[in-house]
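When you get a sec, could you build the whole thing from the sequences and use the hints?
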Amino acid sequence: MKALDIIVCVKVVPKPEEVTVHAETRTLDRAQARSELNPPDMNAIELALALRERHGGTVSLLSMGPPFAAPYLEVGLAMGADRAYLLSDRLFGGADTLPTSFALAKGIEKIGEWDLVLCGEESSDGATGQVPAGIAEWLGCSQITYAMDLALLPDGRLRGEREIRGGHEVIAVPLPAVVSVKLGVNEPRFMDMERRRSPEPVTVWSAGNLGVDPAWLGFEGSPTVVGAVWQAKSPERQRRFLEGMPQEKARLLAEQIRAAVSPQ
Amino acid sequence: MIPSAYSPEAARGLWVFLEQEGGQLEGVALELLGKGRELAQARGVPLTGLLLGQGVEGAARQAIAHGADHVLVAEDPLLAPYTTDAYANVATQIVLDRKPETLLLGATPNGRDLAGRLAVRLRTGLTADCTGLAWEGDTGLLLGEVSGFGGGVMASIKCARHRPQMATVRPGIFPLPSPDPERAGRIELVPVSLEAGEIRTEILERVRHEGVDITRAKVLVAGGRGVKGDFGPLTEFARLLGGEVGASRIACDLGWIGRDRQIGQTGFVTRPKLVVVCGISGATQFTVGIKAAGLIVAINSDPEAPIFEEADLCVVDDLFPILEALIAELKRGMP
Amino acid sequence: MSEPAGVRVLDDFAWDEVWGAAKGAAAPCFQCGVCTAVCPWGLVQKEPVNVRRLIRLAQLDADGWGEAIWLCTTCALCEVRCPRGVPVSEIILALRRLAWERRSVPKGLPTMLWAVHWDGNPWDQPPSQRQAWAKGLDLQPFTPEHEVLFYVGCTAAYDRRSQKIARSLVALLRAAGVSFGILADEPCCGESVRTAGQEGYLAEVVAANVRRFEEAGVRKLVAVSPHCLDMFRSHYPPWDGFRPLHYTEYLAELLDAGRLRFTREVRGTVAYHDPCYLGRRHGIYDPPRRLLAAIPGLMLAELPAAREDALCCGGGGGRMWLETHAGERFGDLRIREALGTGAEWLATSCPFCILCLEDSAKVLGAERLKVVDVTELAVRALGEASLPHPALSPTGGEEKGEGAPVRGAP
Ligand SMILES: Cc1cc2nc3c(=O)[nH]c(=O)nc-3n(C[C@H](O)[C@H](O)[C@H](O)COP(=O)(O)OP(=O)(O)OC[C@H]3O[C@@H](n4cnc5c(N)ncnc54)[C@H](O)[C@@H]3O)c2cc1C
Ligand SMILES: Cc1cc2nc3c(=O)[nH]c(=O)nc-3n(C[C@H](O)[C@H](O)[C@H](O)COP(=O)(O)OP(=O)(O)OC[C@H]3O[C@@H](n4cnc5c(N)ncnc54)[C@H](O)[C@@H]3O)c2cc1C
Ligand code: SF4
Ligand code: SF4
Chain A
1 MKALDIIVCV KVVPKPEEVT VHAETRTLDR AQARSELNPP DMNAIELALA
51 LRERHGGTVS LLSMGPPFAA PYLEVGLAMG ADRAYLLSDR LFGGADTLPT
101 SFALAKGIEK IGEWDLVLCG EESSDGATGQ VPAGIAEWLG CSQITYAMDL
151 ALLPDGRLRG EREIRGGHEV IAVPLPAVVS VKLGVNEPRF MDMERRRSPE
201 PVTVWSAGNL GVDPAWLGFE GSPTVVGAVW QAKSPERQRR FLEGMPQEKA
251 RLLAEQIRAA VSPQ
Chain B
265 MIPSAYSPEA ARGLWVFLEQ EGGQLEGVAL ELLGKGRELA QARGVPLTGL
315 LLGQGVEGAA RQAIAHGADH VLVAEDPLLA PYTTDAYANV ATQIVLDRKP
365 ETLLLGATPN GRDLAGRLAV RLRTGLTADC TGLAWEGDTG LLLGEVSGFG
415 GGVMASIKCA RHRPQMATVR PGIFPLPSPD PERAGRIELV PVSLEAGEIR
465 TEILERVRHE GVDITRAKVL VAGGRGVKGD FGPLTEFARL LGGEVGASRI
515 ACDLGWIGRD RQIGQTGFVT RPKLVVVCGI SGATQFTVGI KAAGLIVAIN
565 SDPEAPIFEE ADLCVVDDLF PILEALIAEL KRGMP
Chain C
600 MSEPAGVRVL DDFAWDEVWG AAKGAAAPCF QCGVCTAVCP WGLVQKEPVN
650 VRRLIRLAQL DADGWGEAIW LCTTCALCEV RCPRGVPVSE IILALRRLAW
700 ERRSVPKGLP TMLWAVHWDG NPWDQPPSQR QAWAKGLDLQ PFTPEHEVLF
750 YVGCTAAYDR RSQKIARSLV ALLRAAGVSF GILADEPCCG ESVRTAGQEG
800 YLAEVVAANV RRFEEAGVRK LVAVSPHCLD MFRSHYPPWD GFRPLHYTEY
850 LAELLDAGRL RFTREVRGTV AYHDPCYLGR RHGIYDPPRR LLAAIPGLML
900 AELPAAREDA LCCGGGGGRM WLETHAGERF GDLRIREALG TGAEWLATSC
950 PFCILCLEDS AKVLGAERLK VVDVTELAVR ALGEASLPHP ALSPTGGEEK
1000 GEGAPVRGAP
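Residue numbers (this note's numbering), protein chains in the order written: chain A, 1 to 264; chain B, 265 to 599; chain C, 600 to 1009.
Please keep in mind that the hints were generated in silico from the structure rather than gathered at the bench. It is possible that some hints are incorrect.
Once the Cα atoms are required to be at most 30 Å apart in a straight line, the calculated DSS-like pairs of lysine-lysine come out as [claimed, not checked]: (1) B:K482 x C:K706; (2) B:K537 x C:K819; (3) B:K555 x C:K622; (4) B:K555 x C:K645; (5) B:K363 x B:K482; (6) B:K537 x C:K706; (7) B:K555 x B:K595; (8) C:K622 x C:K645; (9) B:K482 x B:K492.
Just a few of them, taken from the derived set where beta-carbon distance is under 8 Å, the chain B residues facing chain C [stated by the list, open to error]: (10) R489; (11) I514; (12) D517; (13) L518; (14) I521; (15) T530; (16) G546; (17) A547; (18) T548; (19) P570.
Keep in mind the model is a prediction, meaning the values are calculated, not measured. We put the CB at the ideal spot given by N, CA and C, even for glycine.
In structure tokens form, the structure reads like this:
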């Protein structure tokens, strides 16, 4: 069976609880927030490394983001990835999922050799979960979204277990394919400290390097616009004490519980 | 700008994608019909359902009863199970042919799988996992209310110059409309051109989940030392909510319930929409296992129990009478 | 042996280096088996952990140590008994390090390390909440003008139960008129990284912390947890003037200097549990006892196994992150010992000990016995006048609902 060349798309995200909405300007304030690798992307890296162990090949990381993302890619390199690429340019800024998936697809094509692209199921910031299917469409290949496990079949196709409502299905798709990986499906291995001490350099590509029309990138290339942002619930729990006789408390609770649980 | 497949000027109508499984509409499809009815009325446009599958006439009639004016039905054996290629190809043909202005889908795994693919193929905008939908006053554009950053930030998103304006909608947000079997509507069969060769996915197996897996449960009722060995009421309550029973380590240690239900640091980390915590003091080793929960309800007889620091709704009381009353409440609300 | 393609072959250098160290440390062992005989696992499992064999394997450069290396709580009981002074737990940690190299580690440990990496604590709690425990206390950010740096540590900062220890200690420091501050972005000391066997990552953590402490001008440091203390004393490079202390040592100093006075009676009997990392590791047996003895009205009882012989609570050596089955927890044995003394309090001075012992007390239904930290009893002995803050009132430090009767308990 042939070796697998895998590209894992990883996003550097701010810690969700540290992002606030600026009271006056009504804009997002993420300046104070610490960053991390998007959690399910860590599961995707682990899955990629496990596949490489089984079948041989390479694991490359690809991210689109500001220059400060590079040290986070080094974390993935220390986990065992072979190479890392960062698409970084002001022109990529303000992208919704259409130009994001487009730029990532162009980055994948530029990397060249690949059989499989792994993504996380969704990011912890935008949380649309739309980028993986978008990448698959731009690349014209098959997709497995919300995957819990992957394996290569003897006939060379990719077998994936994916979540569906109330259960899961097992499907097979031909390679090349794009897969989004569910949060928590494995335990990401910790960094190998030998690798951490001497990281491979991260290759940084600008919009120019991708050779695409800048109008298809970033804010300019985004069909959606954000009308307004506002702070949702406070990060703290409500801590609301219900008063009354047991019957009364139970009635109030039942109301809230019904509202919280989906009717399906 | 990335030009969309057709222009706003050419676009007409409000569509909802009707996800079905085995000829039965999914709950979120019904919810979309309810919300779609409201939006269509406000706009003075008909509500169109897009229904792909095999043997779905019943579902089409169900859609009309729930608010659709018009259902476009694409029937083909190849559409019986959901596959990305089959659904994306057929939906693209119909959308390009009829050019809806707005297309709403349920944010289920398959709904998102399709929507993400379709939006790029049509080169249009897609608003994700909406918890609210409205028409914008002056522009008449669809405003989708979305959340990000772990639910801490909300945003409203619109799609100005690309059509269709697409959105996926979170299941369980909009109420189920009550059906009216007398409602009139038009069911239109649309021709399908789909070859087996277009479908790259092969479904090998489908599995319904059985056995306990509290990490997947949407609703958890968790008990600790305070339940004093009697998980009966918790089990019944969980069953009424379609949820699972979880436990603190001590409840497992005491042999009251299986290890596979232990929540926490050395048990399972869970992410339910709702967890009802009964008779658990709220040690950090327990609460790390529920910190990602949507709503946390705590029932504890000790007003000082630390669990109340990390709960949304707090009930200081003996858990047994409260659960008994809750069970009665829920049963009353059942059809 | 053929490695599957793509697997990074073990770094021979790292391997040799670790083996070399383990082997060197193991060399004096003459295989008497005392370690196996005293290891507390023999008290709770049918098969004792064959410690002697692990040391033999280290001597022989041989494989096959299996899961046993993850059981060690690094309690050092075997070390103080070993006739040859073999640093058994160090050797076991070296074997863990090799286990990391071949990625055969228990589930949960990588997640704990990632939590340290991304969140700066092993409890997987948000860094933004690190100071939540100090709400309403108006603590000062540390400056070199302060007498001491109060190093809270991850467990006392995040664990709800242990937060009470930190708050009690604040009350005591204030009552003694100590000027102290805390670090705004207090880093994790790396204890859990070390005991997990991740020497390599530990080096990164320690280097960053030393830089941080030096920049902040840290000299005298008071730690809540003996595990943090052990890190600072034994695993950080010493720097000029750096003097890490456990709070029991520091409070005993304050007592001697007459700055701290216990004026209120606390009637009852207390048994004291020696935390391994305070007692056997650092010989701090007397300061906590002196503190308890200075409390008017309080009687001190000794557990059957005390001081150097004390039984471990089961929480050291990374065991806080691994499940120990009911019935196999050392804490249960310790609670039974304490019940035997007739004491109403079992006091100790380590957050891990408190968590394990309190949990065992609950499982055993030992409602008569309250597990407390030394600070929590000490705070009750402060006179009204010296209570600096309403939030620190002794009743605030008292556990409620702890003695809740356990009816259904077997
Ligand atoms: C609150 C909020 C709401 C938003 N709502 C929408 C919306 O409704 N519609 C819309 O089009 N845009 C939306 N956006 C913008 C969206 O976040 C960006 O387009 C973003 O660049 C990618 O989308 P995502 O984060 O949702 O990725 P997702 O699709 O959730 O990410 C899934 C996976 O794709 C990969 N991936 C995603 N981004 C990158 C990247 N930059 N580099 C490498 N890999 C990546 C990762 O593997 C990731 O796990 C929103 C943003 C915010 C902050
Ligand atoms: C290494 C280690 C790992 C651990 N891992 C885990 C873990 O993974 N998961 C976990 O849960 N714990 C874990 N623990 C144990 C944890 O520290 C706590 O001891 C445990 O969670 C307490 O369980 P509890 O809340 O059920 O019991 P308790 O703390 O005894 O609480 C019982 C509660 O019930 C209330 N109550 C009593 N009667 C009633 C009534 N009639 N109505 C309403 N309320 C009532 C009481 O007020 C009290 O608050 C771990 C501990 C250690 C040391
Ligand atoms: S007690 Fe010391 S000398 Fe005896 S077997 Fe154990 S390590 Fe070796
Ligand atoms: S340090 Fe303690 S737990 Fe570890 S082998 Fe020695 S006696 Fe056993």
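Hints, one by one, checked against the model:
no.	hint	result
1	B:K482 x C:K706	holds, 24 Å
2	B:K537 x C:K819	violated, 47 Å
3	B:K555 x C:K622	violated, 44 Å
4	B:K555 x C:K645	violated, 37 Å
5	B:K363 x B:K482	violated, 37 Å
6	B:K537 x C:K706	holds, 26 Å
7	B:K555 x B:K595	holds, 29 Å
8	C:K622 x C:K645	holds, 29 Å
9	B:K482 x B:K492	holds, 25 Å
10	R489	holds, 6 Å
11	I514	holds, 6 Å
12	D517	holds, 4 Å
13	L518	holds, 6 Å
14	I521	violated, 12 Å
15	T530	holds, 4 Å
16	G546	holds, 7 Å
17	A547	holds, 6 Å
18	T548	holds, 4 Å
19	P570	holds, 4 Å
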